[in-house]
Amino acid sequence: MSNLCVLLRLFDYIQGKNNYKQKIEMTAPVISEVLPSDGPFCESSFVVSFYVPKENQANPPPAKGLQVQRWKTVFVAVRQFGGFVKDSSVGEEAAALKASIAGTKWADAVEKSQKRAGHASVYTVAQYNAPFEYDNRVNEIWFLFDIENELQTV
Numbered sequence: 001m002s003n004l005c006v007l008l009r010l011f012d013y014i015q016g017k018n019n020y021k022q023k024i025e026m027t028a029p030v031i032s033e034v035l036p037s038d039g040p041f042c043e044s045s046f047v048v049s050f051y052v053p054k055e056n057q058a059n060p061p062p063a064k065g066l067q068v069q070r071w072k073t074v075f076v077a078v079r080q081f082g083g084f085v086k087d088s089s090v091g092e093e094a095a096a097l098k099a100s101i102a103g104t105k106w107a108d109a110v111e112k113s114q115k116r117a118g119h120a121s122v123y124t125v126a127q128y129n130a131p132f133e134y135d136n137r138v139n140e141i142w143f144l145f146d147i148e149n150e151l152q153t154v
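For the sequence shown, the residue numbers in the working numbering are 1 to 154.
Possibly wrong hints are sitting among the right ones.
[Said to hold, decoys possible] Below, in silico cross-link-like pairs of lysine-lysine (DSS-like), each with a Cα-Cα straight-line distance of 27 Å or less: (1) K98 with K86; (2) K64 with K54; (3) K64 with K23; (4) K72 with K105; (5) K98 with K112; (6) K72 with K98; (7) K54 with K23; (8) K72 with K112; (9) K21 with K64.
I should point out that these hints are in silico values taken from the structure, not numbers from a laboratory.
Use the sequences and the hints to build the structure in full.
Following this line, the structure appears as structure tokens:
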């Protein structure tokens, strides 16, 4: 399924196409976790998510083909960038973030966390603007890591 199809499914969800037929306020950022492929063609896969508003968190409306993710506390190394997110530039931004933390305790913590199943994503892309906003766009590349476990061994 393409990233666009997933975004359309999320849009339908917030417009009330869920089991409760309840409209849900859209929140930012919309995040896309980039997961390494274990298939023969080495293509990445994506998990697209957004934060459910506080009033819906206790009992988020279920919907076919969508699932709730509950995150524990997580720490993030972040690089901010502007413009529209493009496949061609995301890898460059991730490489720049990696270079900016190279040789630090944060790079070690990120690397160790990425090896564990809890942080299987290579990186996460956070987009804060609606698709129809053209100016002053804010995006981020995230590397997730566990500070409590990782920094004790760094």
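Evaluated hints:
1. The hinted pair formed by K98 and K86 meets the criterion: a straight-line CA distance of about 18 Å does not exceed 27 Å.
2. At most 27 Å may separate the alpha-carbon atoms for a hinted pair to count; K64 and K54 meet this at roughly 22 Å.
3. About 16 Å separates the Cα atoms of K64 and K23, which keeps this hinted pair within 27 Å; it holds.
4. About 22 Å separates the Cα atoms of K72 and K105, which keeps this hinted pair within 27 Å; it holds.
5. For the hint linking K98 to K112, the alpha-carbon distance of about 14 Å falls within 27 Å, and the restraint holds.
6. The suggested pairing of K72 with K98 holds, with an alpha-carbon distance near 23 Å, which does not exceed 27 Å.
7. This hinted pair checks out: K54 and K23 have alpha carbons roughly 14 Å apart, not beyond 27 Å.
8. Restraint check for K72 and K112: satisfied, since their Cα atoms lie roughly 17 Å apart, inside the 27 Å limit.
9. The straight-line distance between the Cα atoms of K21 and K64 is roughly 12 Å, inside the 27 Å bound, and the hint therefore holds.
Every hint, counting from the list given before, is met by this structure.
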